[in-house]
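Novice: As a plain string of letters, each chain reads:
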Amino acid sequence: MTYDVIIAGAGITGAAVARELSRYKLKVLLLEKEAEPAFGVSKSNSGIIHAGTQNSPSSVKGWLCVEGNRLMREEIAADLGLNFVQCGQLIVVFDLADLPELEKIKKDGEALGIKGLALVDRAWLEKNEPNLGPEVKAALHVPTAGIISPYRFVYALVENAVKNGVDLKTSSRIVGINRIEKGGFYVEAGGTVYTARFLVNAAGLYADELSALAGAPTFKITPRKGEEYLLDKKREHIASHIIFPLPSKASKGILIIKTSDGNPMIGPTAHDVDDKADLATTDEGLAEVLSGVRRMMPSVSKSDIIAYFAGLRPVAGKDFIIRHEDSAPGLVNAAGIQSPGLTSAPAIAVMVCDLLKKHGLKLEPKAEFHKLRQRPAHLFQLPLEEARKLIEKNSAYGDVVCRCELVSAQEVRDAIKRGASTLDGIKFRTRAQAGRCHGGFCTTRIMKIMQEELGFPVTALTKRGPGSELIKDERK
Amino acid sequence: MKERELVIVGGGPAGMAAAVAAREHGVEDVLLLERDQHLGGILNQCIHPGFGLHHFKAELTGPEYADRFASLVKEDPNIEVSLRSFVVKLTKDRELSFLRPGSLEEIKARAIILATGCRERTREMIQIPGSRPAGIYPAGLAQKMVNMEGWIPGKEAVIVGSGDIGLIMARRMALEGVLVKAVIEIQKTSRGLVRNVVQCLEDFGIPLYFQHRISAIHGRDRVEKVDVVKVDDEFKDITGSGFEISCDTVLISVGLIPENELLEMAGAEIDRKTNTPVAKDVNLTSIPGVFACGNACKVYDLVDWVTRDSMLAGKMAAEYLKAK
Numbered sequence: 000m001t002y003d004v005i006i007a008g009a010g011i012t013g014a015a016v017a018r019e020l021s022r023y024k025l026k027v028l029l030l031e032k033e034a035e036p037a038f039g040v041s042k043s044n045s046g047i048i049h050a051g052t053q054n055s056p057s058s059v060k061g062w063l064c065v066e067g068n069r070l071m072r073e074e075i076a077a078d079l080g081l082n083f084v085q086c087g088q089l090i091v092v093f094d095l096a097d098l099p100e101l102e103k104i105k106k107d108g109e110a111l112g113i114k115g116l117a118l119v120d121r122a123w124l125e126k127n128e129p130n131l132g133p134e135v136k137a138a139l140h141v142p143t144a145g146i147i148s149p150y151r152f153v154y155a156l157v158e159n160a161v162k163n164g165v166d167l168k169t170s171s172r173i174v175g176i177n178r179i180e181k182g183g184f185y186v187e188a189g190g191t192v193y194t195a196r197f198l199v200n201a202a203g204l205y206a207d208e209l210s211a212l213a214g215a216p217t218f219k220i221t222p223r224k225g226e227e228y229l230l231d232k233k234r235e236h237i238a239s240h241i242i243f244p245l246p247s248k249a250s251k252g253i254l255i256i257k258t259s260d261g262n263p264m265i266g267p268t269a270h271d272v273d274d275k276a277d278l279a280t281t282d283e284g285l286a287e288v289l290s291g292v293r294r295m296m297p298s299v300s301k302s303d304i305i306a307y308f309a310g311l312r313p314v315a316g317k318d319f320i321i322r323h324e325d326s327a328p329g330l331v332n333a334a335g336i337q338s339p340g341l342t343s344a345p346a347i348a349v350m351v352c353d354l355l356k357k358h359g360l361k362l363e364p365k366a367e368f369h370k371l372r373q374r375p376a377h378l379f380q381l382p383l384e385e386a387r388k389l390i391e392k393n394s395a396y397g398d399v400v401c402r403c404e405l406v407s408a409q410e411v412r413d414a415i416k417r418g419a420s421t422l423d424g425i426k427f428r429t430r431a432q433a434g435r436c437h438g439g440f441c442t443t444r445i446m447k448i449m450q451e452e453l454g455f456p457v458t459a460l461t462k463r464g465p466g467s468e469l470i471k472d473e474r475k
Numbered sequence: 000m001k002e003r004e005l006v007i008v009g010g011g012p013a014g015m016a017a018a019v020a021a022r023e024h025g026v027e028d029v030l031l032l033e034r035d036q037h038l039g040g041i042l043n044q045c046i047h048p049g050f051g052l053h054h055f056k057a058e059l060t061g062p063e064y065a066d067r068f069a070s071l072v073k074e075d076p077n078i079e080v081s082l083r084s085f086v087v088k089l090t091k092d093r094e095l096s097f098l099r100p101g102s103l104e105e106i107k108a109r110a111i112i113l114a115t116g117c118r119e120r121t122r123e124m125i126q127i128p129g130s131r132p133a134g135i136y137p138a139g140l141a142q143k144m145v146n147m148e149g150w151i152p153g154k155e156a157v158i159v160g161s162g163d164i165g166l167i168m169a170r171r172m173a174l175e176g177v178l179v180k181a182v183i184e185i186q187k188t189s190r191g192l193v194r195n196v197v198q199c200l201e202d203f204g205i206p207l208y209f210q211h212r213i214s215a216i217h218g219r220d221r222v223e224k225v226d227v228v229k230v231d232d233e234f235k236d237i238t239g240s241g242f243e244i245s246c247d248t249v250l251i252s253v254g255l256i257p258e259n260e261l262l263e264m265a266g267a268e269i270d271r272k273t274n275t276p277v278a279k280d281v282n283l284t285s286i287p288g289v290f291a292c293g294n295a296c297k298v299y300d301l302v303d304w305v306t307r308d309s310m311l312a313g314k315m316a317a318e319y320l321k322a323k
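As you go down the protein sequences, you meet chains A and B in turn. First residue of the first sequence? That's 0 in numbering that gives the first Met the number 0, and the numbers climb one at a time after it. First residue of the second sequence? That's 0 in numbering that gives the first Met the number 0, and the numbers climb one at a time after it.
Don't take each hint at face value.
[Claimed, not checked] Partial selection, computed: residues in chain A whose CB lies under 7 Å from chain B:
id: 1; residue: Leu278
id: 2; residue: Thr281
id: 3; residue: Asp398
id: 4; residue: Thr442
id: 5; residue: Gly466
id: 6; residue: Lys471
[Stated by the list, open to error] What follows is a set of in silico ranges between Cβ atoms, one per label pair, in the way DEER data are often shown:
id: 7; chain 1: A; residue 1: Asp273; chain 2: B; residue 2: Gly204; range: 40 to 46 Å
id: 8; chain 1: A; residue 1: Pro297; chain 2: B; residue 2: Val277; range: 20 to 26 Å
id: 9; chain 1: A; residue 1: Ser302; chain 2: B; residue 2: Thr238; range: 24 to 30 Å
Quick caveat, the hints were computed from the structure, so don't treat them as lab data. Nothing here was measured: the structure is a model prediction, and the numbers come from that model. Cβ coordinates follow ideal geometry from the N, Cα and C atoms, glycine included.
The following block holds chain A by itself, in its conformation from the complex (with noise of 0.2 Å):
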């Protein structure tokens, strides 16, 4: 099979450069090496649309950061369905000691085009932010920023790519890479051979592994992990806006991150790692975690956290690495892209759309971009007349599976349809099992609905992809 284009990688970074030069008249496969699109780093995210701040003036992140927060305000989150909420943000200080360093995040926030940028004191504190402990003497207002779920951007790009033409292929982890004498590459994935005049390497955690296989080993991803704790559906209230401390060295610190689901999520650390796999929490993390939240708000209690998670951060220096390769004509990298990756992965597809046109692709629109995306039915988002509406129209929108989450029936199918074939994809999809039973009572009843859809016997169902089965032996 012949490409234009070979894109390394569906999480955030690939998806969005898939979906561009979805509006070109290109053939473009995007590969995937786990089950289904954001598995990798892009489903542990936070899922902040940063405003930009905290970023230098003289960093790509920083100027990409602003562009895709434009993007998602202005297009994409319109375009492609998405539920995008602009809280704002709040970095707050407890020492007016510290004044100077939020003036500075100020000018260099204003320096790279932030709108809106405002200094509040105490009082406006306690009006607007009621739960914040007494410590918190001031903070900065920043009100371009948002928060969006990770993994449904994800999946509405890849979506939206696959209609307008992206071959996607899931389960196919690169092993080979060959360049061809007169530009080009063979790229082997999942048993096939492909060819491809360009590759797009965003193979987050591996981009660097990916990149010396394609014949230039010039970086190197360090792991840097974070660990989050959600909260309960219930303490969705306890912050308007997203909460920072002042940044460190390392990390833009512990925070309060309000989710676009509702349950507010608290974390996350910051400590490198050497394995690419280490997705295991700690008792330290969740300590660290506590501290750090309770210094901002004190009401938040151990026994609010529903669930946990850790991710990894593909941390490659400062910044960004976003090039061609001279060393291995045709190869672009997408790399390093850890925080404010998410929101920057718009422009940054634009970006890398630039550096394939110089280095000799052509880009001509096709006649007919499918830009608009059909949001799914959410019930969780809907107010109870069009919910009504819904189910009058659909009866199986009125069948609940999830009861903490209010998923029915119908929505599982819906995720079946659009792509999930795996439990963690329909929970990612669907929020059904992301609840406070953590899936006690509907998981049963989505497998078999996977089942029914799918083809599958049960004890191939898995979680999320080969190995990870949930059933080991069936009693007929």
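Given chain A's structure and the hints, the job is docking chain B onto it.
Specialist: Frame of chain A; chain B shown alone:
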């Protein structure tokens, strides 16, 4: 908005007993809402015997116990049963909205009994560190898989917590040919019934480790092993006491949490520690005309006592309606 005399939320043993008793005490119109496709609730998956020794003076299985009440409910034309009906909203004025296939219904009830049962505490709530592979199940979910669906979740299991569900599932898994390697209990004693410790573990040679905890779960895609460590009286790890158990399945049985999210939505006072209604007596809530019974009111160890107290709830609702 339709008016109803008494609406009962939950068609498990508590809701059914409350419905029957309310009718006995003169309530003319009962609507019983059940989210599943059958009445009976969790009893349907409890296929072991031991139910009904007090209430029926007979040893029944869970489904048999449920069936006796389901027959009474179904025979009574003044009890309307609505299955696959899920309540999404409750107000303090006893207005209630529920979804069922094909419709959203809104009702104003003169009295409401919440018999919404419990959910299981999860691995997340006791914060077991480690990875999150397939093969970690709440014990009640595993019970549903094995008993209702015939799905055997694994080959080698470790069970966390020695409450009744954990003990019963240890035996159930052993009977299905699963090698149950250990039951791990952080306390000094079991919270389960003595008869379950004897019949479910000792008779099957399953080791029970008191004052131990799982300090980590390992495995990328599926559980591969767990780390176990002994703890002292303050639940602190004892250095050097750690060991590993290889297994592909971990069942979590660390207690139950009353499901009172509807009551909370209606603005009733809830004890944040136990998640139960704050009220001066059993079956009451802080909202007049809204009652809670069965495991939603407090966690019971025997269904017979759920029946006894839920029948009282039915009577209390009837008296409330008469006095109005």
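Novice: Name the hints, by number, that the structure is in violation of.
Specialist: none
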